[in-house]
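Peer 1: Residue numbers (my numbering), protein chains in the order written: chain V, 1 to 445; chain R, 1001 to 1393.
Hints are not guaranteed to be accurate.
So, partial list: chain R residues that the calculated Cβ filter (under 8 angstroms) puts toward chain V [said to hold, decoys possible]:
1) TRP1007
2) LEU1014
3) HIS1020
4) ILE1030
5) VAL1381
6) LEU1382
Which chain V residues stay away from chain R? Per the calculated CB distances, all over 10 angstroms, these [stated by the list, open to error]:
7) LEU10
8) GLY28
9) LYS92
10) GLN120
11) ILE155
12) ASP161
13) ASP196
14) ARG202
15) HIS211
16) ARG212
17) ASP277
18) GLU389
19) GLU391
The calculated label-pair distances, taken between Cβ atoms and stated as ranges, are [unchecked claim]:
20) V:ILE5 to R:VAL1024: 32 to 40 angstroms
21) V:HIS299 to R:LEU1083: 42 to 50 angstroms
22) R:GLY1283 to V:PRO365: 49 to 57 angstroms
23) R:VAL1024 to V:ASP112: 43 to 51 angstroms
24) V:GLU40 to R:PRO1006: 14 to 22 angstroms
Please keep in mind that the hints were generated in silico from the structure rather than gathered at the bench. Since we're looking at a predicted model, the values are computed, not measured. Glycine is no exception: its CB is placed at the ideal position from the N, C-alpha and C atoms.
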Amino acid sequence: MKHSILTHLLGPRSAFDGGLYLPDRKAGLARRPIQTFHAEGPLHVPLTVRRDLLTETIVRVGDRVVLGQALSRATNDQSVGVHAPASGVITKIERVWTVEDGFLPGAILAPDGSNERMPQHQGWDDESIIVQLAECGVVCDIPRAPLHVVMREAIAAGVTDLIVNAMETEPYLTADLRTLVEFPGRMIDATCELADALGVSRAILAVPFRHRRVVRRLQSEAAGRYVEIVALSNPYPQCHPVMLLKAVLDREVAPGASILSEDAVVLPLSTVRRASDALLSDLPTTHALMTIAGDAVEHAGTYRVPIGTPMSRLARRVGVAVPAAQAVYGGPLTGSALGYDDAVVTPDSKALLLFAKADAARPVPCVRCGWCIEDCPVGIDPPSLMRLESEMVCTDQKRIALKACIECGLCSHVCPSRLPLSETIIRNRIRFAGPEPSTEGGTRH
Amino acid sequence: MTPDVPWLASESALRGDAPHRRGVSTHRHILRTWIAAASVVGLAGCALFGVDALRVILVSLVFTFGVDLMFVMSLRRASSGRLSRTFLIGILAGLTLPADVDWHVAATCGTVSAVVGNVIFGGWLHPALIGRVFVQFLFWQKLSFAGASIALGPVLTAANLFVGDLDQSVRVEHYEGWLETTVPAPADAFELTPPLWSLRQFAQGQVPVDGNFRFEPLLRDEMPPWIDTLIGAVPGGIGETSTLSIVIVGFFLIYRGYLKWQLPVAVLSAAFVAASILPVESGGDYVWFPVFAAEGGRAVGLAYVLYHLTAGQLMLGAFLLAGDVVSSPMRAHGHVVFGIGIGVLTIFMRLYGVLECECYWAILIMNVFVGTIDRFTSRRVLGTAPSEDAVAA
Ligand code: SF4
Ligand code: SF4
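Let the sequences and hints guide you as you build the complete structure.
Peer 2: Next comes the structure, spelled out in structure tokens:
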């Protein structure tokens, strides 16, 4: 990245066509340091991280476990085990509800409040990084898979570049930003370790230019290291791996293809943070770092939450100012509805947003304003794809467009007619372009 | 916090599709802003043409809205978006009419806008303009310049804004400009030549040459001062003439993002360039590049071109009529092409055409090509090569 005086004052230009600078709603929120929630009340810990990844439960009802002790063990090398998020007694083995995977096998853990934890081994250098990541149960957010599986695939694909994604351009989300503010050195160290294991020739940490102090701090931390800090302008959805690849390396991923096909791997900063615990301190993943915010929340902020905490308890811990009319798991544009109020925190939970008002409006016919077309980051024409809903056949161009959509939700966000554009596109993609390529390796979440 | 306080207002809080938060601009905001913008221009028209102007706008509005409402109710296809747009169309149709027309002209204009423009064509040709060009044909004796040896139109004097009566108009012998000239006591208004008519006459060589001076007679004897065309104190449609108010509301629409700045810029610069190049007939031969004409040390050519921009219709067309969301292209690139087409066609038809309302015709003609423009300005999908197929899609 070239830095002229102008870029210093104004920031770099947006690196792709389309996109939109959303009001980021992080002011204040991002200034509060990360707080840790200690486990209070029973934790409903899912014993696997994805529905199709098999694990074997190695605790029984009545067993006492300590923080970080394994509760389940992978049965094959695609899977990872889960570790106890607190010390306590297993009171029950029963299924628990997660937002992304529905019901998963789980264990109910009644914490006893002691601070006892598994001993940390300072030197694990007899094992490879990949084995260490698998042992500690580190999972990756995008693609949703255990990190060691993602790394193995990346190595097999012969990637040459590692991009760590700290862009976080969705409104409200602050977890990555807080991590960079509080642990810049650790993030750089972990990135170096991962880059070593991947054998890449470039390791890049992409951060939003507008947080200039963070950028400067990272640059001084990274001086003389292997990691390049790249400060980017942050229109939404610059945080998406496909847009990041375009912005940082100017490579374009073919519609529907995986990032790996462009010889690069993009890891979210949250994943690197979990990897840093495993690699630098030998700590397994036991907590999720979540933004809890929204106008119905009293003490919005970034919280370190034990896995298995029910969302309802989380909401009460931070204080609900008014009962929420809408609860969102994840970012406001890409997140999912909770579905069930017993949903629990999983290792890759990133946010719980509670809004006092649901944002629903009746759609009216398209007024042809063209905003959706102008703002779509991949250059497709959402209203024409919307018409597919009532059609039986799909042309090749439309099929390509369906595959190219990165599901950022921006078209629906801007549409003044309130048309459900991205929702329809996602539905029709399943209808016409076949199911998603399996999440393994497919980086288009 | 006690655990028995409900954290969810209802079960529906747990459902819904992404995106969960939407942008703040809805079609309602857009249409409301546009209606406000059109009303401001209408207000300026009322100032210049008196309560007669208000009557014309209201009649047009009532008929457009009423007819469309009847249609919507008979089909039970009500949608709030459609009716607010019809409201806007009604005001815009009124703005394109002169203030001294009879009420049945305005009523016909509104009815045709609603029936032909909105119902039959579904709004993809600007409905207000369809109504306007229709009444231009139907009531040509009143509205058209054709056949008249001299066209005249009234405009209130500066002392009688809003309240004056357009029928009390007199023709002033030595007209020095709107602000400088006064009328004898009982009269409220000037009887003036519309600058558009003068420009058309000039292009056809009807303005006699004065010695070596070709442009000077037009500017000196026929046209009002340029500043009058900015204020709008010249005869013409209610909203057509007041350039200043149009530009102000246009900037507001652009600032709100409800009008793409590319459109007025493209229309006006294309019209500027076209008027600068296209020849005018003068003294039996054709003068190319009129913009460079200088007579007696004055840049008369430039003045002539500027009159083309502000004389009427073009400003209203560029800012309020062409920018109608439904009948304009989708993308900013498309708006540039669309705007260039409108600008060039307007000047071309003004100089050589027989149709009046040239700007409105230009917009309607370009409306027909919107689909084509959209296809040729479609975006390349990320990760694919720019291909012919994308254009042919
Ligand atoms: S959801 Fe898909 S179609 Fe809509 S803006 Fe994002 S990429 Fe474009
Ligand atoms: S944003 Fe909505 S109203 Fe505007 S062109 Fe797209 S679909 Fe139509």
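Peer 1: All the hints need checking, so say for each whether the structure fits it.
Peer 2: So, going through the hints one by one against the coordinates:
The restraint placing TRP1007 (chain R) at the interface with chain V holds, with a minimum CB-CB distance near 4 angstroms, inside the 8 angstroms limit. For LEU1014 (chain R), the interface hint holds, the least distance from its beta-carbon to any beta-carbon of chain V being 5 angstroms, beneath 8 angstroms. Against a cut-off of 8 angstroms between C-beta atoms, the interface hint on HIS1020 (chain R) holds, since the closest Cβ of chain V lies about 5 angstroms away. With a cut of 8 angstroms, the hint placing ILE1030 (chain R) at the interface with chain V holds, because the nearest CB-to-CB distance is about 6 angstroms.
Against a cut-off of 8 angstroms between C-beta atoms, the interface hint on VAL1381 (chain R) holds, since the closest Cβ of chain V lies about 5 angstroms away. Below 8 angstroms, beta-carbon pairs count as interface contacts, and LEU1382 (chain R) has one with chain V at about 4 angstroms; its hint therefore holds. The Cβ of LEU10 (chain V) lies farther than 10 angstroms from every Cβ of chain R, with a closest approach of about 20 angstroms, so its non-interface assignment holds. Distance check for GLY28 (chain V) against chain R: the nearest CB is about 18 angstroms away, which clears 10 angstroms, and the non-interface claim stands.
The beta carbon of LYS92 (chain V) is kept farther than 10 angstroms from every beta carbon of chain R, the shortest such distance being approximately 20 angstroms. At the 10 angstroms boundary, the C-beta of GLN120 (chain V) stays outside the reach of chain R, the nearest C-beta of that chain being 35 angstroms off. Against chain R, the non-interface label of ILE155 (chain V) holds: every CB pair exceeds 10 angstroms, the least being about 24 angstroms. The beta carbon of ASP161 (chain V) is kept farther than 10 angstroms from every beta carbon of chain R, the shortest such distance being approximately 17 angstroms.
Distance check on ASP196 (chain V): its Cβ is at least 30 angstroms (rounded) from any Cβ of chain R, clearing the 10 angstroms threshold; non-interface status holds. Every CB of chain R is more than 10 angstroms from the CB of ARG202 (chain V) (nearest about 21 angstroms), matching its label as outside the interface. Its beta-carbon lying about 22 angstroms from the closest one in chain R, HIS211 (chain V) satisfies the requirement of being farther than 10 angstroms from that chain. For ARG212 (chain V), the requirement that its beta carbon stay farther than 10 angstroms from each beta carbon of chain R is met, with the minimum near 27 angstroms.
The claim that ASP277 (chain V) lies off the interface holds: its Cβ sits roughly 29 angstroms from the closest Cβ of chain R, which is beyond the 10 angstroms cut-off. Once the 10 angstroms rule is applied to beta carbons, GLU389 (chain V) is consistent with being away from chain R; the minimum gap is 14 angstroms. The beta carbon of GLU391 (chain V) sits about 14 angstroms from the closest Cβ of chain R, which is more than 10 angstroms, so the claim that it is off the interface holds. Restraint check, ILE5 (chain V) to VAL1024 (chain R): a C-beta distance of roughly 35 angstroms satisfies the suggested window 32 to 40 angstroms.
For HIS299 (chain V) and LEU1083 (chain R), the Cβ-Cβ distance of about 45 angstroms falls inside the hinted range of 42 to 50 angstroms, so the restraint holds. Look at GLY1283 (chain R) against PRO365 (chain V): about 56 angstroms separates their beta carbons, and that is inside 49 to 57 angstroms. Look at VAL1024 (chain R) against ASP112 (chain V): about 49 angstroms separates their beta carbons, and that is inside 43 to 51 angstroms. Checked against the hint of 14 to 22 angstroms, the C-beta distance between GLU40 (chain V) and PRO1006 (chain R) comes to roughly 19 angstroms, which is consistent with it.
When the structure is compared with the earlier hints, no violation turns up for any of them.
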